[in-house]
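A.B. asks: Protein chains in written order, with the numbering used here: chain G, 1 to 288; chain C, 1 to 156; chain X, 1 to 162.
Derived by calculation from the structure, the hints in this document are not laboratory data. Worth double-checking, as some hints may not be accurate.
[Said to hold, decoys possible] For the chain G half of the interface with chain C, some residues (derived, Cβ under 8 Å), not all of them:
no. : residue
1   : 44
2   : 46
3   : 254
4   : 255
5   : 258
Just so we're clear, the structure is a prediction, and the values are computed from it rather than from any experiment. Ideal Cβ placement from N, Cα and C applies to all residues, glycine included.
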Amino acid sequence: MIPSEFDYVKAGSVQEAIGLLQQHGDDAKVLAGGHSLIPLLKLRLASPAVLVDISGIGDLRGIKSGGDKVTIGALTTHNDLEQSAELKGSFPILSEAATLIGDPMVRNRGTFGGSLAHADPAGDWPAVALALGAQMHITGSGGERTVAADDFFIDILTSDVQPGELLTSIDLPMPSGKVGMSYQKFSHPASGYAVVGVAAMVTLDGSGNCSSARVAVTGAGAKAVRLTSVEEALVGKSLTEENVAAAAGTAGEGIDYLGDIYASEEYRAHLVKVFAKRAVLAAAGNVK
Amino acid sequence: MKVDGNVTMSGPQQVVYDTLSDPDALRQCLPGCEKFDEVSPGRYETVLKAGVAGIKGTFIGTVTLSDAKSPESYTLTVEGSFSGGFVKGVGNISLAPDGGGAKTKVTYVGDGQVGGPLASVGQRLMAPAARMVVNQFFRCMDGQLKSRQETGAQVG
Amino acid sequence: MATHPISLTINGKGQQSSVESRRLLVHYLRDELGLTGTHIGCETSQCGACTIMLNGSAVKSCTLFAVQADGAEIMTIEGLAKDGEMHPIQEGFWEEHGLQCGFCTPGMIMSTYDLLQKNPNPDEHEIRHALHGNLCRCTGYQHIVKSIQYAANKMQGATVAD
Ligand SMILES: Cc1cc2nc3c(=O)[nH]c(=O)nc-3n(C[C@H](O)[C@H](O)[C@H](O)COP(=O)(O)OP(=O)(O)OC[C@H]3O[C@@H](n4cnc5c(N)ncnc54)[C@H](O)[C@@H]3O)c2cc1C
Ligand code: FES
Ligand code: FES
Numbered sequence: 001m002i003p004s005e006f007d008y009v010k011a012g013s014v015q016e017a018i019g020l021l022q023q024h025g026d027d028a029k030v031l032a033g034g035h036s037l038i039p040l041l042k043l044r045l046a047s048p049a050v051l052v053d054i055s056g057i058g059d060l061r062g063i064k065s066g067g068d069k070v071t072i073g074a075l076t077t078h079n080d081l082e083q084s085a086e087l088k089g090s091f092p093i094l095s096e097a098a099t100l101i102g103d104p105m106v107r108n109r110g111t112f113g114g115s116l117a118h119a120d121p122a123g124d125w126p127a128v129a130l131a132l133g134a135q136m137h138i139t140g141s142g143g144e145r146t147v148a149a150d151d152f153f154i155d156i157l158t159s160d161v162q163p164g165e166l167l168t169s170i171d172l173p174m175p176s177g178k179v180g181m182s183y184q185k186f187s188h189p190a191s192g193y194a195v196v197g198v199a200a201m202v203t204l205d206g207s208g209n210c211s212s213a214r215v216a217v218t219g220a221g222a223k224a225v226r227l228t229s230v231e232e233a234l235v236g237k238s239l240t241e242e243n244v245a246a247a248a249g250t251a252g253e254g255i256d257y258l259g260d261i262y263a264s265e266e267y268r269a270h271l272v273k274v275f276a277k278r279a280v281l282a283a284a285g286n287v288k
Numbered sequence: 001m002k003v004d005g006n007v008t009m010s011g012p013q014q015v016v017y018d019t020l021s022d023p024d025a026l027r028q029c030l031p032g033c034e035k036f037d038e039v040s041p042g043r044y045e046t047v048l049k050a051g052v053a054g055i056k057g058t059f060i061g062t063v064t065l066s067d068a069k070s071p072e073s074y075t076l077t078v079e080g081s082f083s084g085g086f087v088k089g090v091g092n093i094s095l096a097p098d099g100g101g102a103k104t105k106v107t108y109v110g111d112g113q114v115g116g117p118l119a120s121v122g123q124r125l126m127a128p129a130a131r132m133v134v135n136q137f138f139r140c141m142d143g144q145l146k147s148r149q150e151t152g153a154q155v156g
Numbered sequence: 001m002a003t004h005p006i007s008l009t010i011n012g013k014g015q016q017s018s019v020e021s022r023r024l025l026v027h028y029l030r031d032e033l034g035l036t037g038t039h040i041g042c043e044t045s046q047c048g049a050c051t052i053m054l055n056g057s058a059v060k061s062c063t064l065f066a067v068q069a070d071g072a073e074i075m076t077i078e079g080l081a082k083d084g085e086m087h088p089i090q091e092g093f094w095e096e097h098g099l100q101c102g103f104c105t106p107g108m109i110m111s112t113y114d115l116l117q118k119n120p121n122p123d124e125h126e127i128r129h130a131l132h133g134n135l136c137r138c139t140g141y142q143h144i145v146k147s148i149q150y151a152a153n154k155m156q157g158a159t160v161a162d
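Chain G on its own, in the form it takes in the complex (with noise of 0.2 Å):
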């Protein structure tokens, strides 16, 4: 499997990058980890004229907590969210996420930055981004401009990242009170990625009860969303088995459901709802 032919240029910074992403127009497209990319270059699903390798780019990698928030680099591989000690104590949803993605050779490779960007109907970090309220920062030739996460996935493929910009850092406001946050995947036995997983942050108030819940699904629909009707029925609620299972029993609604091979339509809003319930019970069973 050979791809079309293409040029190949290495950039050696963000506005190198960007340089070259806007001389070439259309015909460029940007290579982090290539996990997602490479494979769509030797299909001939893709057939840029030039990738503008960013993977040299060393600003782009890390992890950095300060103060309010952790910054993550676009650069930042999935073994490096997995491996992180620094973020095992505030987003241990991260190093959760993280191992469940494909397999140790895919998370050597792939990147956090890339993984949104793509906005693969099945990724696994859009939906931890959008109960995490991620912000995307964002540079092109006209400077920088930061995106929230519920504005960030546009639709199948598609990310608010246009032609001739870069995403380069995510950050993750850091949570504050009593938090829990877990995702639970159901993963396809071949392919690894979600055939639904569903992402959860639950904040408690002085009593136990949940003050606020953000709650989002990938692998159901085009692209990933909230589960908004389950995070109003969790608020005030205390998060017991039964008040939980009632709230994900709303899950679903709005969603255009994928069917395939796999896993029919019935089948995926059957599991948004198993998999909502569960991933907002580890969430409430791990505050701290």
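For chain G, the structure is supplied; the task is to place chains C and X with the ligands on it using the hints.
C.D. replies: For chains C and X with the ligands alone, coordinates are given in the frame of chain G:
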């Protein structure tokens, strides 16, 4: 891989039926259509450059219109190769009057298969991609209907 | 045709080549350098037969372009044995019957190499989780797990002895 849904289209049932089975309109609205030549009645040799977002590929094969029951229903069969894999899809398209006869409700029920190397990576993305292409197709057809009615009104 | 000069270290030896942009690393290793120990199973990132070590991490060499490996340090299955002595992982597969046809074995061994450097004493669950990207059509994995346990024990013993 199932693709089904319905759309409400501008125009009475017979007009919509005629447009949806009109080779010229199909040529305009099949995504990235580069070739659409009738080789036998209802059977067209077709080349499409189709895609969504960053994914694009070339479909080479045949499109067949059969079981025509004007103005109620017909069957559309798509068969050929797409980026090194094979695809086969059968869609049943049925029409019913809507909005007191001024509009038409079009219901489509499609089932498709992909095979070859494409299946390993592409399978997962094919259903949502196909759905997006189908939506584009019907939006384009609706545009055709509207513009035909406008020109029709001007002439007549 | 866009070609690029690359310079890298493979199994401890420096290597300079000129490669086409679209040349996959696995094709470069096998067809240009004759390092055919790295296998091609699926060519679609699924099977792990093409696994190699790149800058200290296991990667699927069918899902990487050779040009991306410019400046990198690579180890393939050929680089594992030292002075005619099998590496403890190879010995484990030999002793515990970790292979039948052997097609998946180079990839299995390279993935194991990555695992044992991250986690020198994995339990069975961790071993199976680490082999998620390596498919074997023959063994049923049971003996592969045993082979890896053998290697882990042997390598830990060696560390203690050092
Ligand atoms: C066998 C296999 C199994 C997998 N299983 C899973 C799984 O279980 N869950 C999961 O979530 N994913 C899975 N993946 C996908 C994997 O996580 C990818 O690594 C990830 O989706 C994309 O990241 P990347 O760095 O490899 O991006 P690339 O492939 O390099 O790029 C993907 C797209 O994003 C664009 N892009 C990348 N980085 C940026 C940036 N910083 N700014 C702007 N645009 C950018 C590229 O132009 C390209 O269009 C799997 C992949 C494989 C091969
Ligand atoms: S040949 Fe590379 S993963 Fe199968
Ligand atoms: S030993 Fe035959 S494939 Fe593993």
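A.B. asks: If a hint holds in the structure, say so; if it doesn't, say that too.
C.D. replies: Here is what the structure says about each hint:
no. : hint : result
1   : 44   : holds (5 Å)
2   : 46   : holds (5 Å)
3   : 254  : violated (15 Å)
4   : 255  : violated (12 Å)
5   : 258  : holds (5 Å)
In this structure, the hints that do not hold are numbers 3 and 4, in rising order.
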